[in-house]
Amino acid sequence: MPKRKTESEHLGGRCIRALHHLLNTVQIHQDNNQLVKESSAAFHRVVSLMSEGEDLKIQIWRGRFYIQGEKLLYRKETFPIINEMLEYFPQRGLEGFHFLSPFTDVAPDDLTTFAHLLNDSLIDENPPEWLEKTLKEKGLSWVNALKEQKKEPPSLVLKRKERAKQAYIDAVVTVKEVADKVSHQGAAGVRKARRLAQTMVDLVREDDTLLLGLTTIRDYDDYTYTHSVNVALLCLCLGKRLGLSHIFLEQLAISGLFHDLGKVEVSKDILMKPGTLSGEEWEEMRKHPLTGVRRILWLHASRTLKMRTILGPFEHHLNADLSGYPETHFVQQVSLFGQILHIADTYDALTSERGYRPRTFTPDEALRMMWAEAGKKFDALLLKSFINMMGLYPIGTILELDSGEMGLVVDYPDESERTRPLIMLLADDGKGGYTRGETVDLAAEELKKGTTAREILRGIHPSSLGIQPSLFFLEDVN
Amino acid sequence: MKAVKPEPTREEIEAAKKAVAELLFLRKTFSLYPEDHSICVNAFDQFQRQIGKFLQTYRSLRFELQKNRLLFHGEVIHIEEFEEGTFSYTLFRDGIRWVELNEGISSAEIKEFLRILNAYETLPEEPEGDLVTAFWEAELPHINYDVADMSWGAESEMNFTPSHNSEGVSSNPSFLEEEGLDIVTDVTISRELLEISPEEEKKLQELVRIEEKRDPTSDYLNALFDSLLEDTSKENFESVLDTLEEELREFLAVRNFDRALGILESLKYILEQSPLDLPWTTEALEDFFLAVSNPQSLIPLQSAWTEATPDEMEKIRDILLLLRPEAIHTLGPILLQTPSLRMQQTLTDAMTKMASKDIRPLESLLEGTSEEELIQRIVQILGNLEGRRPIKLLKKMAGHHSVKVRLEASKGLLKRDPEGIKKLFHLIDEDNESLHSLILDHLAAARNSVAEELLIDYLEKGNHRRTDDNHILACYRALGKCGSLRSLPFLRRVLFRQGWMPRFWKAARRRGAAIALSTMGTDEARQVLEDASRSFYPSVRREAKRAMEKQGN
Chain H
206 MPKRKTESEH
216 LGGRCIRALH
226 HLLNTVQIHQ
236 DNNQLVKESS
246 AAFHRVVSLM
256 SEGEDLKIQI
266 WRGRFYIQGE
276 KLLYRKETFP
286 IINEMLEYFP
296 QRGLEGFHFL
306 SPFTDVAPDD
316 LTTFAHLLND
326 SLIDENPPEW
336 LEKTLKEKGL
346 SWVNALKEQK
356 KEPPSLVLKR
366 KERAKQAYID
376 AVVTVKEVAD
386 KVSHQGAAGV
396 RKARRLAQTM
406 VDLVREDDTL
416 LLGLTTIRDY
426 DDYTYTHSVN
436 VALLCLCLGK
446 RLGLSHIFLE
456 QLAISGLFHD
466 LGKVEVSKDI
476 LMKPGTLSGE
486 EWEEMRKHPL
496 TGVRRILWLH
506 ASRTLKMRTI
516 LGPFEHHLNA
526 DLSGYPETHF
536 VQQVSLFGQI
546 LHIADTYDAL
556 TSERGYRPRT
566 FTPDEALRMM
576 WAEAGKKFDA
586 LLLKSFINMM
596 GLYPIGTILE
606 LDSGEMGLVV
616 DYPDESERTR
626 PLIMLLADDG
636 KGGYTRGETV
646 DLAAEELKKG
656 TTAREILRGI
666 HPSSLGIQPS
676 LFFLEDVN
Chain X
130 MKAVKPEPTR
140 EEIEAAKKAV
150 AELLFLRKTF
160 SLYPEDHSIC
170 VNAFDQFQRQ
180 IGKFLQTYRS
190 LRFELQKNRL
200 LFHGEVIHIE
210 EFEEGTFSYT
220 LFRDGIRWVE
230 LNEGISSAEI
240 KEFLRILNAY
250 ETLPEEPEGD
260 LVTAFWEAEL
270 PHINYDVADM
280 SWGAESEMNF
290 TPSHNSEGVS
300 SNPSFLEEEG
310 LDIVTDVTIS
320 RELLEISPEE
330 EKKLQELVRI
340 EEKRDPTSDY
350 LNALFDSLLE
360 DTSKENFESV
370 LDTLEEELRE
380 FLAVRNFDRA
390 LGILESLKYI
400 LEQSPLDLPW
410 TTEALEDFFL
420 AVSNPQSLIP
430 LQSAWTEATP
440 DEMEKIRDIL
450 LLLRPEAIHT
460 LGPILLQTPS
470 LRMQQTLTDA
480 MTKMASKDIR
490 PLESLLEGTS
500 EEELIQRIVQ
510 ILGNLEGRRP
520 IKLLKKMAGH
530 HSVKVRLEAS
540 KGLLKRDPEG
550 IKKLFHLIDE
560 DNESLHSLIL
570 DHLAAARNSV
580 AEELLIDYLE
590 KGNHRRTDDN
600 HILACYRALG
610 KCGSLRSLPF
620 LRRVLFRQGW
630 MPRFWKAARR
640 RGAAIALSTM
650 GTDEARQVLE
660 DASRSFYPSV
670 RREAKRAMEK
680 QGN
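Sequences listed follow chains H and X, in order.
According to the numbering used here, the first sequence is numbered sequentially starting from 206.
According to the numbering used here, the second sequence is numbered sequentially starting from 130.
In short, the hints are calculated from the structure, not lab data.
Warning: the hint list may mix true and false statements.
Dumping the calculated DSS-like pairs for lysine-lysine here, alpha-carbon to alpha-carbon at most 30 Å [claimed, not checked]: (1) K386/H - K363/X; (2) K276/H - K332/X; (3) K525/X - K590/X; (4) K397/H - K240/X.
Covered stretches of chain H, going by a simulated chain X footprint (3 or more residues, C-beta under 8 Å) [unchecked claim]: (5) 399 to 405; (6) 513 to 524.
Residues from chain H that keep clear of chain X, each with C-beta distances beyond 12 Å, as calculated [as the list claims (entries may be wrong)]: (7) K242; (8) E243; (9) L254; (10) R269; (11) G298; (12) L327; (13) N331; (14) T640; (15) G642; (16) T644.
The structure presented is a predicted model; accordingly, all values stated were derived computationally and were not measured.
Beta carbons: idealized from backbone N, C-alpha and C, even for Gly.
Let the sequences and hints guide you as you build the complete structure.
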């Protein structure tokens with residue numbers, strides 16, 4: 206079983222802090238000083254713990270630390286150190302380090318030498334090369350310095366983006382295919398869906414920000430399918446935050462993918478109808494959870510998978526207080542899967558264009574509307590976790606700033622700062638559209654500049670500007 | 130995550146070849162012998178030595194897969210047939226492009242890897258799982274692999290183009306009906322609200338811990354039950370019932386009687402709630418109960434309940450009581466094969482209750498079988514049923530060629546109709562002791578004028594088939610128990626009679642009359658015995674005195 210995310214995040218932060226401390230203490234004290242010995246031992250401990258007998262890679266990519274390919278989240282109090290280290294590495298032309306196993310055999314004195322070399326590398330014109338050469342000379346073969354790439358190669362992140370994009374497309378196709386097969390052949394296999402869900406779980410464990418970015422994809426014509434995939438992704442991100450195991454995340458993803466399977470039987474005229482639906486039409490719509498149950502039952506899937514998957518279609522319109530639909534007599538409490546799905550489904554629906562309502566809500570509006578129902582329609586703590594995960598202005602929101610600029614929310618690098626995101630400024634491309642501008646960390650800017658930092662005026666729905674945020678997230682993907 | 134390695138040396142390639150050969154041999158032995166077999170143990174040791182040596186030097190062993198070949202850095206290190214079951218085929222078939230064994234690999238990981246590989250040697254019938262899924266679920270930390278994405282090549286179908294829409298809130302309050310939310314614009318989400326406290330974090334972890342430990346069966350079944358209550362689509366309704374039928378069978382097969390009972394009780398409730406305007410719901414539910422009452426569902430019980438605990442037995446009884454009377458067809462044969470007396474009783478009770486709702490299945494089972502023991506059991510059940518039809522069947526069975534059946538039928542008839550003894554009185558001449566005793570015991574049960582009359586008539590006419598002394602004495606004893614003053618003249622006559630009767634006959638009758646009088650125990654009967662004790666004839670005096678002595682005792 207993998208370690209819970211919270212634990213690895215905690216270790217990641219500890220690792221950077223320990224390295225920072227070691228680099229500073231060796232500058233101030235003699236090598237035989239107790240403080241140096243302690244900081245060297247602390248760094249040794251944390252790297253050994255994290256590497257678990259394997260290699261450990263610490264990298265910086267686009268202003269973020271990645272440990273073993275996973276983006277490092279950190280708390281506010283760690284931010285100044287992280288920030289300092291984010292500057293320290295590039296100053297030396299380094300992208301990161303690759304610690305080779307078995308790290309446990311590395312002597313503490315060697316770590317002190319390593320810290321000295323790292324500090325001293327600035328004396329040379331070409332620090333990475335100097336470092337590489339000197340590490341070899343000193344016999345420190347357990348570490349490789351990773352040089353900063355001038356032009357980013359098809360990095361792990363880019364590959365991940367490609368995989369994420371493909372997974373998204375495949376997911377839409379799979380949901381369509383399953384719905385179609387169940388409709389016409391009465392049954393469908395779920396092998397593809399499972400493999401896909403596994404890829405999605407792997408992706409969310411590596412970089413949930415990327416997947417949250419993908420959930421901004423909107424396709425009006427194929428609303429049911431893109432919505433299903435978005436809901437699955439949102440569920441996965443929340444499930445991962447909660448610490449669900451990879452097996453449960455897979456089941457949650459499948460439940461999300463198939464939660465609206467029953468809607469395939471609702472007439473397109475109703476689904477796409479502009480304006481208010483009649484009573485009869487609503488009745489038709491309200492049947493979809495029950496039809497969804499039947500469709501899940503028709504899947505060629507194991508009992509266990511069906512048991513978990515079925516809760517998605519059945520419970521996703523049930524509120525925490527069991528109001529909503531369908532009416533329940535036997536169900537006494539909405540399951541955790543059902544509650545997560547309800548939150549994800551509502552959020553995606555509110556932020557999507559729907560035929561029966563003339564306006565789409567901005568992500569922050571949607572969260573506020575949902576919060577007004579905390580404890581009634583939604584489990585308060587789960588919703589709070591969801592909002593905490595999404596941030597006050599969820600990824601994909603367009604922000605209007607007091608500087609007159611507009612920015613697309615791309616991340617919340619600081620784990621404890623969920624109101625001032627990292628944004629990508631949007632520049633007018635002169636053709637009525639927007640291009641990628643500078644990236645600004647609003648939280649970091651506030652810490653540095655105080656009152657002169659940019660302020661957020663309001664959130665704007667991307668569709669009102671004709672922007673598909675996912676295009677910006679996937680911009681470098683072919 | 131590995132640093133790019135330089136081209137391998139010949140030595141490395143040879144070492145890889147050896148390690149892979151050992152792996153293939155190990156895999157073969159694992160598929161042929163149990164893991165603890167000496168051949169497997171030796172092969173495992175051999176592989177561990179080889180791979181250990183390799184990884185110590187080269188850190189990792191990655192081999193690429195092609196249809197029927199394994200490659201190491203592009204060089205072929207193994208070729209085999211391209212056919213189901215081979216190492217390369219099994220991995221290649223499910224899209225694995227390469228496998229990498231890394232330093233630190235444990236024996237448990239190797240065994241799990243091989244277990245999965247052998248389990249998926251042939252494509253499983255189960256449509257959802259495959260080798261890749263099994264590897265993914267197992268999370269083997271020192272075994273990496275790459276899988277070809279199951280791409281659908283449908284990129285062009287995706288529309289990433291944004292659409293514009295107008296702003297402005299509809300005046301229609303129902304426009305958020307699907308989401309069930311009101312438009313609230315004045316709610317603010319504070320910075321504090323966005324922070325998850327340690328206590329909340331703990332609560333969430335607990336929530337997850339509970340969820341991951343919890344059996345989802347209840348949630349699943351409850352969702353199915355609720356969908357039945359709510360659904361107005363026949364197709365949906367029947368789908369759910371089909372699933373519940375399978376579930377019930379599965380629960381019975383695995384002795385999960387709690388769940389099986391839960392399904393039946395819930396469906397009974399749903400049946401009671403069936404809306405009048407949807408008559409097909411009642412029909413479908415009735416069909417369900419009929420379907421689960423068939424052998425396919427209930428036969429698994431046969432083996433399960435031989436070891437059933439008292440609690441389980443109780444559950445089984447409740448389950449059976451919820452089934453349709455048609456289940457009798459299945460339960461009858463099961464009854465015969467159930468050694469436990471308690472379980473037999475449970476089954477008999479259930480069958481009785483079922484037959485009391487509808488006797489036809491029991492009747493057709495009776496008509497369709499020639500197995501004497503089963504007929505006997507059925508007749509036993511008939512004896513506990515009310516109504517005219519059971520009596521008719523019991524009467525018919527009272528003439529069955531089997532004594533045991535006749536006995537059960539007679540018991541049944543006598544139990545339900547004390548006066549029915551008139552029709553069964555002829556069985557007093559039965560040679561079978563049980564049947565014989567049944568009639569006599571019934572006659573002797575209490576003072577009863579019908580029994581008295583029958584016995585006087587029988588003893589007086591003397592044209593009975595059985596003439597042995599024991600039978601005669603038993604008849605008189607019975608008369609003593611059921612008789613009244615009306616019997617006294619007859620008994621006096623027999624006690625005092627002399628004349629033409631053969632001695633042996635006279636002796637048994639005289640003794641019988643004396644016994645009857647002593648059994649009767651009334652003053653009038655005692656008086657007759659006292660008169661007899663002063664008789665001129667020694668044989669009369671002797672029998673009277675003996676009877677009086679016994680009475681005195």
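Outcome of the hint check:
no., hint, result
1, K386/H - K363/X, "holds, 20 Å"
2, K276/H - K332/X, "holds, 25 Å"
3, K525/X - K590/X, "holds, 28 Å"
4, K397/H - K240/X, "holds, 27 Å"
5, 399 to 405, "holds (count 5)"
6, 513 to 524, "holds (count 7)"
7, K242, "holds, 28 Å"
8, E243, "holds, 27 Å"
9, L254, "holds, 15 Å"
10, R269, "holds, 17 Å"
11, G298, "holds, 18 Å"
12, L327, "holds, 24 Å"
13, N331, "holds, 20 Å"
14, T640, "holds, 15 Å"
15, G642, "holds, 18 Å"
16, T644, "holds, 21 Å"
Checked against the numbered hints given earlier, this structure breaks none of them.
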